[in-house]
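Asker: Grab the two chains, each in its own frame, and use the hints to assemble them into the complex.
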Amino acid sequence: MTLVDNEVRSGSVSLLAGESPPGRRTDSVFRSAAALAAGVVLLILGLILVTTTRNAWPAFAEEGLSFVTSSTWDVAGAAFGTLAFTYGTLVISAIALLIAVPVSIGVALFVTEMVPKRLRAGVVMLIDLLSSVPSVVFGLWGILVVAPAITGVYTNISSALSGVPVLRTVFSGAPISGRSFFTAGLILAIMITPIITSITRETFATVPRAQKDAAYALGATNWEMIRGSVLPFSRSGIVAGVLLGFGRAIGETIAVALVIGSSPQITQRLFSSGDALSAVIANQFGESTGTYQAALIGMGVLLFVITLLISAFARAIISRAERRIGAESV
Amino acid sequence: MNESRIARRGTSRVALTASAAALVLAISACGGGSSDKGSPTSTTAGTKLSAATLNGSGATFPQAFYETTIAKFQTVQPDVTVTYAGGGSGKGQTDLAAGLVDWAGSDSTVKPEDAAKFKTPFLYFPTVAAPITVSFNLSGVKSLRLTPEAVAGIFGGAVSKWNDPLITATNKGVSLPATDIVVVHRADGSGTTANFTKYLTKAAPTSWTLGTDKVVNWPAGQQAGNGNAGVAQIIESTQGSIGYVDFSDADFAGLKSAAIKNKDGKFVAASLSGASAAVAGATLNADLTYDPLDALGATSYAITAPTYMLISTTYGDAAKGNAVKGFVKYVLTDGQDLAGYSGFARLPAKILSAAIAQLKMVKVG
Chain A
1 MTLVDNEVRS GSVSLLAGES PPGRRTDSVF RSAAALAAGV VLLILGLILV
51 TTTRNAWPAF AEEGLSFVTS STWDVAGAAF GTLAFTYGTL VISAIALLIA
101 VPVSIGVALF VTEMVPKRLR AGVVMLIDLL SSVPSVVFGL WGILVVAPAI
151 TGVYTNISSA LSGVPVLRTV FSGAPISGRS FFTAGLILAI MITPIITSIT
201 RETFATVPRA QKDAAYALGA TNWEMIRGSV LPFSRSGIVA GVLLGFGRAI
251 GETIAVALVI GSSPQITQRL FSSGDALSAV IANQFGESTG TYQAALIGMG
301 VLLFVITLLI SAFARAIISR AERRIGAESV
Chain B
1 MNESRIARRG TSRVALTASA AALVLAISAC GGGSSDKGSP TSTTAGTKLS
51 AATLNGSGAT FPQAFYETTI AKFQTVQPDV TVTYAGGGSG KGQTDLAAGL
101 VDWAGSDSTV KPEDAAKFKT PFLYFPTVAA PITVSFNLSG VKSLRLTPEA
151 VAGIFGGAVS KWNDPLITAT NKGVSLPATD IVVVHRADGS GTTANFTKYL
201 TKAAPTSWTL GTDKVVNWPA GQQAGNGNAG VAQIIESTQG SIGYVDFSDA
251 DFAGLKSAAI KNKDGKFVAA SLSGASAAVA GATLNADLTY DPLDALGATS
301 YAITAPTYML ISTTYGDAAK GNAVKGFVKY VLTDGQDLAG YSGFARLPAK
351 ILSAAIAQLK MVKVG
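As given, the protein sequences belong to chains A and B, one line each in that order.
Numbering-wise (UniProt numbering), the first sequence opens with residue 1 and increments by one.
Numbering-wise (UniProt numbering), the second sequence opens with residue 1 and increments by one.
Just so you know, not all the hints are guaranteed correct.
Quick list of in silico lysine to aspartate or glutamate cross-link-like pairs, DMTMM-like style, CA-CA up to 20 Å [as the list claims (entries may be wrong)]:
| id | chain 1 | residue 1 | chain 2 | residue 2 |
| --- | --- | --- | --- | --- |
| 1 | B | K111 | A | D74 |
| 2 | B | K198 | A | D74 |
| 3 | B | K161 | B | E149 |
Derived coverage of chain A by chain B (criterion: at least 3 residues anywhere in the stretch with Cβ under 8 Å from a Cβ of chain B; other residues may be distant) [to be verified]:
| id | stretch |
| --- | --- |
| 4 | 64 to 76 |
| 5 | 261 to 268 |
| 6 | 281 to 288 |
By construction, these hints were calculated from the structure, which means they are not laboratory data.
From a predicted model like this one, the values you see are computed outputs, not experimental measurements.
Glycine residues also receive a C-beta, built at the ideal position from the N, C-alpha and C atoms.
Extracted from the complex, chain B is given alone in its bound form (with noise of 0.2 Å):
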């Protein structure tokens, strides 16, 4: 775990750097990870696939984990070439719509006028979920408890002072000053920021009035960061400010979270174990897409979010196909393992068990 969390460091620290450098190219570099260490374990991938080239692209918010998995897969299988180009979700859909790439990361299930576009039927598959945070910097606070009243308020502009009656209310015993909130969000399209809205959209249904979708028309004179890691460092750098951050970014952050009033009326604070129950605690639909946001269940972390890996129901070449087969596979035994170290929660057994029997509907050859 100490091991892990250094690496994680490692990569965090140039996130910035990688964020600004995704925007130069729609197409970043692969990454490496670092994961030439011991052997691997055992070998659910089953039977040594032969040679073939998987490219992918899609959501980032899942990156790091994608990028952890594939390098150690290659350690399994050292015949298959993984690849994930990022992109974001958008992207990932449309690339493999237009068959440019074998797999598609994405946060969010195709919309129906989209789906239409794919020129073979696809797959959902759930790989991981994370929690997103609302991350805060605030002298002298240590803890926050909010409703999802008071963060629909707060990112929608009724809210702007930190002593507001809606935040004092589950705040007792906290000092809070009269000073004006600084909201920070992200500036580019982004998988959290329809994630973090849809929950808004869920559960503060009349507090919040933005909608949702991967930007919203914000309030004027808000911050807004480059990804993840931006939206984190100006959390950091400025005072009396509050914005909605990936799990794995805030943690590295060192950001302060704020407990969020879950379905089930308890506060609850984010953390990888909150993300399952959560997972555990949402309905899995026919096709496995599932909505996690605002579950049920005591110990849920309201604000958790889905990722998919998309595939198609056919490959025509055989190689290619048994290839795609065993890295999905691997992604929901083995790769589960992995989630822990880039800031991901790993899925129920229920829903991996339901994911591992739809492999059988792939096509191959």
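Just chain A, with the same shape it has in the complex (with noise of 0.2 Å):
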């Protein structure tokens, strides 16, 4: 990048010395918008994560490690500890990636591969739709909808599965209202599948035409080209769009406030009502005070964190993928 920026400008100098060329005070201009564009991005993210830790200190101080490694959030004991909120946002986030990557990877396929082409706008817009629908209509869709129409459902899947092992223990429980870890999971599912969506459709049809043609030539079938030319070829992309949406599935609020249940607990029983990090900073906020406000807070720096750490381990894991094809390929 910079050695062909450097080549450039070199040439132009040589070409145009002594005058000094209109083209050249744009593309200054330009380079220093768009660094500052960067640069406030930057800032901005780093302003609010010094603020918050900083308004979350009281909490941290307090509490010390326990912040994260206890479940109990007792605010009349002035006990702020935070593992079951924490385990309630990575089970439902885990629950949406798990149903919604498989669906958008077909959607985008189906899209991209197989819909023909004069039909292909329409469907892109009606997925594209979907991201419009505000969270909160998703929210109260999941309360008044969702959640009473699905506990027939829960108390069949749970019968069905009583005599399997593991299964029969993580889908078990009497689904009272239908308000549970996993109707959480659903609702984002649906809420997240047409941002993987359009990420990785926009990467298939990156997939050059001449690599498909090959695979076609070698005899490959339609799934089979898929599979050798597509699917490899748009590897980062897919893990781009994967951790998009899991961006937006465990910062989501007010649709998981809504319908995981609010009943902070533990357990490998999906189909109870749990609570995650989200939904307590907004469900609690507005009457919070004091080292219990700063916990709030604190719960966000949190969601932040592990993001961060999640998002890093994803690209640390693709990089190694693209350095183990690139040693196959040599």
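Answerer: Below you can see the structure in the form of structure tokens.
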């Protein structure tokens, strides 16, 4: 990047030495404007982190490590342990990704590889429309429609799996109101599907024609071509899409606050009510004061840290995978 | 009454949406209310006040009452604009402490350590009171009589079946099933929770161990809803459930509520007159705070919650100060007649006159 820049610049300098080309100034203005935009974003991000950490400090100082390791959230007793909320956040995000990722990749492949060109725009528009639905609408739909209707389904699933070890526990429990980890995960899955779909779709669309034709020329079927040409080429794009979807899922507040059930507990039973970091912040911030409020702000910091860690983890995996592919092809 | 009931329905229909929307925005738009019928009957606010804008925020519990009152007040004093943004008692207190608002609503008194944060000293003005119902949904059961110990047992998790001896003892002749009790509480931090748990701490000190606050450490596995409307919705749709809901939301959802044994040993059902009786039975402190929970009196409803308006003792801007005084006076006089419309109980005359007298302590200009 810089190498190319330098070459271009030195070229233009030698060509137009002595003159002041009008394009030069625009170029440098653009360069500083872009740098400023990037810098402002980083600055805002940094300021948010600094301010929230500072405001959360009383809680961190008072609770110490038990802020993250304890699951006792007792405002009256001034005990602020957030483990049960972190657990809930991770569980519902995982459920959402497990459901949304296969569906999104399927939709994206369908749109890029199978739908006739004239229908494509319509299908894409409909999926994108889903992402413009406000999350509170998903939440209200979740408590008023999905939760009451889904309890029967949950009961059927848990009785069907009552003989299977492990799954027996995971899908057990008497779903009372339908507000549970699983319902929250389900609603989140619907919310993040358009995001993952649109990113992966864009990536699939950039696979070179030649690469696909090469696969077909070797006698590959449609699926073999997708598996051999499209998916490996799009790996980092898929991961980027999944990460964006995860970011939306982990930070989603209103919809989760409405459907998760707000009953903090650490349990393997996905049909039980739980609670999540973002939901607790939204529900309890209005009436909080002092250390209690600091603890809620601290949960925001915690969400930030979790997102960073998972994002870094995913990037590490992908860069390792790409190195391996590089090594193989040499 | 009929008309106002319908109007109330109109606002309550969106109550659930509103409680969700309140999550999105800490500062919600100030409510309009429907008040363009007829001219004001009397003008106790007296002389016409000069133009001023009074911003308020705080407790959501009395929000419906304040919105109705504000709308009526503005027909009397068209030059004064009053807003009420809700956000919770805690927010009202910190906003007033920081001087961000001109008045605040609060269900609770300010904690001593927070009182020092106020830029100017403040005064409490009790405005209305309201019963907190213990509402239930149990097919075949029309009425229920509960002792404070039974309520504490149910919400604390010790009583888990409907046919527990603690419940059957006071409900002879009612056939109670051996099914699980589904307890519904508030998911959000709430003055209603604070008052309900404060009542249990006071009335059933040995059975209630969870303490009192805006959020308590509820036993795992209970259900939780957002706002009173959210709790009411869960009770309405869940067989075998019980929860605490403010009077107007329980009334609107058509929930059945239990009669609670009061301090005089009488079982009294939740009603506005029961709440007024409880307020009359409570002791008024020098700063005009009072505790109507578990109050004396044969007709007192045991779980009655107070709510206050907080204003500063000094207003530098004369127009604003006079407007604040005028508005508070209006709430304490004509406003009391509006309380019943939104499901609140008016205060007894002795408290109202003490509050009006306290207005003299507010320095203006």
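Asker: Does each hint hold? Answer for all of them.
Answerer: Each hint tested on the structure:
no. : hint              : verdict
1   : K111(B) - D74(A)  : holds, 18 Å
2   : K198(B) - D74(A)  : holds, 15 Å
3   : K161(B) - E149(B) : holds, 15 Å
4   : 64 to 76          : holds (count 5)
5   : 261 to 268        : holds (count 6)
6   : 281 to 288        : holds (count 7)
No hint from the list above goes unmet by this structure.
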